[in-house]
Structure formats: C-alpha cells, structure tokens
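**Student:** Each chain is listed here by its residues.
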Amino acid sequence: DVKVTQSSRYLVKRTGEKVFLECVQDMDHENMFWYRQDPGLGLRLIYFSYDVKMKEKGDIPEGYSVSREKKERFSLILESASTNQTSMYLCASGLAVQETQYFGPGTRLLVL
Amino acid sequence: EDQVTQSPEALRLQEGESSSLNCSYTVSGLRGLFWYRQDPGKGPEFLFTLYSAGEEKEKERLKATLTKKESFLHITAPKPEDSATYLCAAPSGNTGKLIFGQGTTLQVKP
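These protein sequences, in sequence, are chains R and P. Quick note, the first sequence lines up with residues 1 to 112 if you use this note's numbering. Quick note, the second sequence lines up with residues 1001 to 1110 if you use this note's numbering.
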C-alpha cells in the first residue's frame, strides 16, 4: 500500500514564526505536491515537485517555499506565518503526470 | 480554462436508498478522472481512476462511470459508514496538477 506521512497532525504557531511541514512517501514516486484546503475554497495547489531539487509554483505560492533534497521527502516552509495561513495542509505524491495522487493525513495549522 | 464541477453540494439519504453523485468536467485532453473519499479532518482517500469514456469501476457499494463530459459515482444501498465528502478531480496541463471539484457531502441516516 502507498503510504504518505506528514510530520504533524496539528500545529499551533504564532504570527511571524517560521513553520516547517514535512511529507514523506514510501513509493518512490517522482511527483510530490502540497495543497491547502479551506471551507468553501476546496483544495488549492501551493507548490509541486517533479524531481529532486526541482520545484514549480502552483496556484497560491505566495508566502510559502518548498524544499526537496531527497526523492521521498518534500517540505513546505512558511517563512513568516500569518493568520491567513491557518488551514488544513495536505501533501500528495504520484508516479507520473496522469497517475493517481495519494494523499497524506493532513496537518491542521492554526496561526495565532 | 479547465474546470471540474460537482453536484449536489450535499446529499442526505436513508440507509439503503441508492443515488448518484455527479462530476462535470471541461478539461482539455482528459488524462484521467479521479474519485476520492474524504472523512472530516483527514486526507482524501483514493477510490477510482477512470481514463476513457465508457469505463466503469466498482468497489463494494460504489460504482464510478465516465462519459465524455461527466462522471457519476453511484452508491447502491448505502450504509451510514458511507457518510463522507466525495471529491472528483482531473489533471490539468502537463504538470499533474489536479483540478478538484468542490465535493459532495453525503450523509446516510440509519
């Protein structure tokens, strides 16, 4: 079975803090993705990576950065957290462009 | 612009009452239509991938079908444990980026 894990299920941070969210997949997938999910807005793509050290902006990259130093790990970084970044963050991985994406359990982030 | 639209937004069924969820799409060169189930506070769980019109896939009480314009998720004799939000999505462009519908929240009452 495909397994995608995320470093935390719940996080509470203060405005201005630097926040790291880590995602690990165990299926040797090329592609990894970070989404955020908000009520009424659905899932929106923040960043994705199709190879180690490669990254591409998604629809809402402002205020975020990413790092992919190893194939199995994809990190999302909030350089200076703000209250409008309170959300559910979902990581996904997939083998190829048109192949299924498998999601992790999500991290619910609250920024105070 | 590629778009995926789901209806209805919410659906309440009695246990055993069969129904269908709709996913309409306008995606250039469709390369897959994905269905996911999402429980509150959890990540989406993969259900099905459909690649071509006429294709059907089944899993327990769920059957997904695909036409050239839409996909249906048929739920036969649902049980309360089928209550969840069902999402459909399609890849857009060459990047693998998924375009998601807003989801249908299904509640099955005993």
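Keep in mind that the hints are not guaranteed to be accurate.
Derived list of chain R stretches under chain P, where covered just means 3 residues or more per stretch with a C-beta under 8 angstroms from a C-beta of chain P [what the hints assert, rightly or not]:
#1 43 to 53
#2 99 to 111
With a straight-line Cα cutoff of 30 angstroms, these simulated DSSO-like cross-link-like pairs (lysine-lysine) come out [stated by the list, open to error]:
#3 R:K18 to P:K1042
#4 R:K53 to P:K1059
#5 P:K1059 to R:K55
#6 P:K1042 to R:K13
#7 P:K1063 to R:K71
#8 R:K3 to P:K1059
#9 R:K70 to P:K1057
#10 R:K71 to R:K57
#11 P:K1063 to R:K3
#12 P:K1057 to R:K3
#13 R:K57 to P:K1069
By construction, these hints were calculated from the structure, which means they are not laboratory data. Heads up, the beta-carbon is just placed ideally off N, CA and C, and yes, glycines get one too.
**Student:** Each of the hints needs a verdict: does it hold here or not?
**Tutor:** Status of each hint after checking the structure:
1. 43 to 53: Holds: 4 residues of the stretch 43 to 53 of chain R have a Cβ under 8 angstroms from chain P.
2. 99 to 111: holds (count 9)
3. R:K18 to P:K1042: Distance of about 24 angstroms is within 30 angstroms: holds.
4. R:K53 to P:K1059: Distance of about 38 angstroms is beyond 30 angstroms: violated.
5. P:K1059 to R:K55: violated, 35 angstroms
6. P:K1042 to R:K13: Between K1042 (chain P) and K13 (chain R) the Cα gap is close to 20 angstroms, so the pair holds against 30 angstroms.
7. P:K1063 to R:K71: violated, 34 angstroms
8. R:K3 to P:K1059: holds, 20 angstroms
9. R:K70 to P:K1057: violated, 35 angstroms
10. R:K71 to R:K57: Holds: K71 (chain R) and K57 (chain R) sit about 18 angstroms apart, inside 30 angstroms.
11. P:K1063 to R:K3: Holds, at about 24 angstroms.
12. P:K1057 to R:K3: holds, 23 angstroms
13. R:K57 to P:K1069: With Cα atoms ~29 angstroms apart, K57 (chain R) and K1069 (chain P) stay inside 30 angstroms; holds.
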